[in-house]
Each structure stands twice: as C-alpha cells, then as structure tokens.
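Asks: Sequence:
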Amino acid sequence: MSAASDLITRLLDALNRRDLDAAMAQIHPRARFRDYLEGGEVEGHVAIRDFYQRLFDMLAPDLALITLKTLPGGRVRADIQSSVRDRSGHLWSDTRVVAVYTITDGLISSVELLDGTG
Numbered sequence: 034m035s036a037a038s039d040l041i042t043r044l045l046d047a048l049n050r051r052d053l054d055a056a057m058a059q060i061h062p063r064a065r066f067r068d069y070l071e072g073g074e075v076e077g078h079v080a081i082r083d084f085y086q087r088l089f090d091m092l093a094p095d096l097a098l099i100t101l102k103t104l105p106g107g108r109v110r111a112d113i114q115s116s117v118r119d120r121s122g123h124l125w126s127d128t129r130v131v132a133v134y135t136i137t138d139g140l141i142s143s144v145e146l147l148d149g150t151g
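If you're matching positions, the sequence shown starts at 34 in this note's numbering and goes up one per residue.
Read the hints as simulated data drawn from the structure, not as lab findings.
Mixed in with the good hints there might be a few duds.
[Stated by the list, open to error] Derived CB-CB ranges, DEER-like:
| hint | residue 1 | residue 2 | range |
| --- | --- | --- | --- |
| 1 | H123 | S35 | 19 to 29 Å |
| 2 | P105 | W125 | 27 to 37 Å |
| 3 | A36 | H123 | 31 to 41 Å |
| 4 | T42 | R82 | 18 to 28 Å |
| 5 | D119 | A36 | 27 to 37 Å |
| 6 | R65 | H123 | 12 to 22 Å |
Just so it is clear, the structure is predicted and the values come from calculations on it, not from any experiment.
Where a beta carbon is used, it is the ideal one built from N, C-alpha and C, also for glycine.
Take the sequences, apply the hints, and build the full model.
Replies: Okay, here's the thing in structure tokens:
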C-alpha cells in the first residue's frame, strides 16, 4: 500500500469509528475543506474538528474505499462507497462518491467531493 493509500484508509477508518483524534491525526494543521453541512469553508484543526463533530452529531457514516488513483500535484482520487444513516439508524444515503485529496507534508490538506462519476 502506498503512503497516500495508508493515509486515506486511516482517515476513513477513523471517520467510520467516529474517532475525532484519529481522524485529526491525518489532517494537515493548515488544511482547508468545504463545509458540506452549513456551506462555506473550514480551515485549520479547530474548525475541521468542529465540522467532523457536527457531522457525527447528525449522521453515522460508513465509508468504504473502492479505488485510488494518483493525480498530479500531490492529489489522489478516491472512489468511496458511502452509506450514511441518521442518528436513529435510518438510511439517509447510499451512494458512490469521488473524493480528491491533496496531500501536503504527508497529511491531508484538502478534500474535494465530486459526484459519483467524478
């Protein structure tokens, strides 16, 4: 497994366990993500940790890595099967998503979600 694959797998595993500390260990201190819950962007560990906490408060993700493809510029495309349930256990979404991760200094510095066709 490549370093990028290990990194992304560790992040997805941590998110599936709702383990904020383990998830944040994969995130660059100056990372910047789109806030898919409330709009705008989140930047830095404090804001990203808060984003993930809000996500976990509302939803229970189950993310399974399907494929990875290395892209130019330190980016990696990941095809992910994403099953998401609300906190009462009802299935909210079950779909394939494409995430493009940017890796900086061995950590994830950005994530861009695309539709399932990428």
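Asks: All the hints need checking, so say for each whether the structure fits it.
Replies: How the hints compare with the structure:
no.	hint	result
1	H123 <-> S35: 19 to 29 Å	36 Å, violated
2	P105 <-> W125: 27 to 37 Å	34 Å, holds
3	A36 <-> H123: 31 to 41 Å	37 Å, holds
4	T42 <-> R82: 18 to 28 Å	20 Å, holds
5	D119 <-> A36: 27 to 37 Å	35 Å, holds
6	R65 <-> H123: 12 to 22 Å	32 Å, violated
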